[in-house]
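Novice: Listed below are the residues making up each chain.
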Amino acid sequence: MKPLLNIEDISVNYGAIKALKNVSMSVNKGHIVSLIGANGAGKSTLLKAIVGLEPLIGGSITYGDITLATDNIRKSIRTENIAKLGISLVPEGRHVFTDMSVEENLDMGAFLVRDDALIKRKKEEMYDFFPILGERRRQKTRSLSGGEQQMMAIARALMSSPKLLLLDEPGLGLAPLIVQDIFEKIAYINKTENITVFLVEQNAKMALKASTEGYVMENGRIVLSGSSEKLLKSKEVQEAYLGA
Amino acid sequence: MFNFFLLILIYTGIYALMALGQNLITGYTGMLSLCQAGFFAIGSYATAILTTRYGWSFWGTLPVAALLSALFGVLIGLPTLRLKGDYLAIATLGFGEIVRNVLNNWDSLTGGPMGIQRIPMVTIFGFTINPYKKVAFLIMVIIFVLVTYYLFERLGRSRMGRALQAIRDDEIAADAMGINITKYKVWAFAIGASVAGIAGSLQTVYSLSVTPGSYTFMVSVLVLCMVVLGGMGNFAAVILGAFIIQLISYFPQLVGLSGVIPPQFKQILFGAILVVMMIWRPQGIIGVRSYMVGRKNSKKVEVSNELA
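Protein chains in written order, with my numbering: chain Z, 1 to 244; chain X, 1001 to 1308.
The hints are simulated quantities; they were obtained by calculation from the structure and are not laboratory data. No experiment lies behind these values; they were computed from the predicted model shown. Watch out, some of these pointers could steer you wrong.
[To be verified] Negatives, chain X to chain Z, calculated, CB over 12 Å: (1) TRP1059; (2) ALA1176; (3) TYR1184.
[Claimed, not checked] Here are some, though not all, of the chain X residues that point toward chain Z, as calculated from beta-carbon distances under 8 Å: (4) ASP1086; (5) ALA1089; (6) GLU1097; (7) ILE1098; (8) PRO1131; (9) LEU1155; (10) SER1158; (11) GLY1161; (12) ILE1172; (13) ASP1175; (14) ILE1179; (15) SER1209.
From the three backbone atoms N, C-alpha and C, an ideal C-beta is built for every residue, glycine too.
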């Protein structure tokens, strides 16, 4: 089967620094794929490259039959048009609209949706799914806790009924119990809504437990890949990331 | 005395139009622009030149003033709106100064430092709106302000208004929601510029003469002060801000102390007011209602993050 998201041999530079070196990976439809690695390994850069926030100097990224990015910036898709293709990004550090209420944030998530009834239904779905957001729907987002903000960022990303959900460090700075809760929800969304998930995470154990396949990144290269179960048990991963 | 108060109200109205535009640009979209004086001048001169040289009526020059300002807004906006914060402020400040210098030196078109005099008064249905009899002129200005206020309030609540607020709050997130940031920023800038242009037209038919000296950087600063003083992001508040700033500007004359209080005194007063506002009410006199709620609760966020 053709993968939904295919990353082929891409490289990204920050000035003279090579952030990504010939990275290839693929995300199959309906799967949860995780990308793990230490701080500065290039995980976030990869996500930015997918959504057009970082230009490629080589390789290509395709989404179904559509070319998202190549080394030719003119043939690459601009960030604001990524959402139209059914790709939703939950950026690192949440990036919620702090001056807006929870409800207004969710409305913004459905910015491209023109069907008011659908937006309303989607919001109710999100409040069912994250009851705490329903309770706080009129509250300014800045008054929510970190975990609540993360849930809101995910709910906002789901408002546009995406086919592919990109999550950048959803567990960053949150208590283990909350991270676990969020990851369970992600797994549930994946199953019930049939949304493909690409998860970038430092917390290797949580990410691998939640995902079907995993990739391990070090210094801008993919060093290991395989089924998450296998990676969890592999010696390299255990030594480097799980502290065994 | 009563006449003088009317004059203050007329200037409040003209500046309120500029402040409404500035609020769309700065309060709503979060772009620190410092060139409302430039658009104000473009609108003023468009009306002055078209009425004196080509015999147009004031009403015919209005759309030209608005569109010309908007066009310059787009021209300056496209290359500079990628800049953030202080850098955008410096670039727009430069634009405002360029406009004033061009007006000062393009003698054949603008009359140079002498400006343009003998601008015809506004007529409507055969009735002349004489700026020396201030009541009729004031009513006209008030209608302009109310219409603009109504349109801007609707704009603020529309899909575009929400997009602008999202851009102000977080550009990366706005991008990810599918909002075309450049498009909306340029639109906001152009609309904000066009109302400043209209304000310029009104200024022209009020003073019946234009000189480059009336469009200094100080005008842009004054307009920004009105927005900050009233409350960023709140259209009604910036009209109040415009009134207060104008009242302070003319306070010495109003109470008959202009012989005692030097004119420079008002600039000291503006400075003092801004410092006091920034310390005690950074959200402005009215502000956006929810701000205080947010501030109280932001402590809670910190606490829960520590717990987490």
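Novice: For each hint, tell me whether it holds in the structure or not.
Specialist: Quick rundown of the hints versus the structure:
1. No Cβ of chain Z comes within 12 Å of the Cβ of TRP1059 of chain X; the nearest lies about 37 Å off, and the non-interface call holds.
2. In this structure ALA1176 of chain X is not separated from chain Z by more than 12 Å, as the shortest Cβ-Cβ distance comes to only about 4 Å.
3. In this structure TYR1184 of chain X is not separated from chain Z by more than 12 Å, as the shortest Cβ-Cβ distance comes to only about 10 Å.
4. For ASP1086 of chain X, the shortest C-beta to C-beta distance to chain Z is roughly 21 Å, which exceeds 8 Å, and the interface hint is violated.
5. For ALA1089 of chain X, the shortest C-beta to C-beta distance to chain Z is roughly 21 Å, which exceeds 8 Å, and the interface hint is violated.
6. Residue-level restraint check for GLU1097 of chain X is violated (minimum Cβ-Cβ distance to chain Z is 33 Å; threshold 8 Å).
7. The interface hint given for ILE1098 of chain X is broken, as the beta carbon of that residue sits about 31 Å from the closest beta carbon of chain Z, more than 8 Å.
8. The interface hint given for PRO1131 of chain X is violated, since its Cβ lies 41 Å from the closest Cβ of chain Z, which is over the 8 Å cut-off.
9. With its C-beta approaching chain Z no nearer than about 16 Å, LEU1155 of chain X sits outside the 8 Å limit, and its interface hint is violated.
10. The restraint placing SER1158 of chain X at the interface with chain Z is violated, with a minimum CB-CB distance near 12 Å, outside the 8 Å limit.
11. With 8 Å as the threshold, the beta carbon of GLY1161 of chain X stays out of range of chain Z, its nearest partner Cβ sitting at about 11 Å, so the hint is violated.
12. A cut of 8 Å between beta carbons decides the hint on ILE1172 of chain X: the least distance to chain Z is about 5 Å, and the hint holds.
13. The closest approach between the C-beta of ASP1175 of chain X and any C-beta of chain Z is roughly 4 Å, which is under the 8 Å cut-off, so the hint is satisfied.
14. Because the beta carbon of ILE1179 of chain X sits about 6 Å from the nearest beta carbon in chain Z, less than 8 Å, this interface hint is met.
15. For the restraint placing SER1209 of chain X at the interface with chain Z, the shortest Cβ-Cβ distance is roughly 44 Å, beyond the 8 Å limit, so the hint is violated.
Hints 2, 3, 4, 5, 6, 7, 8, 9, 10, 11 and 15, counting from the list given before, are not met by this structure.
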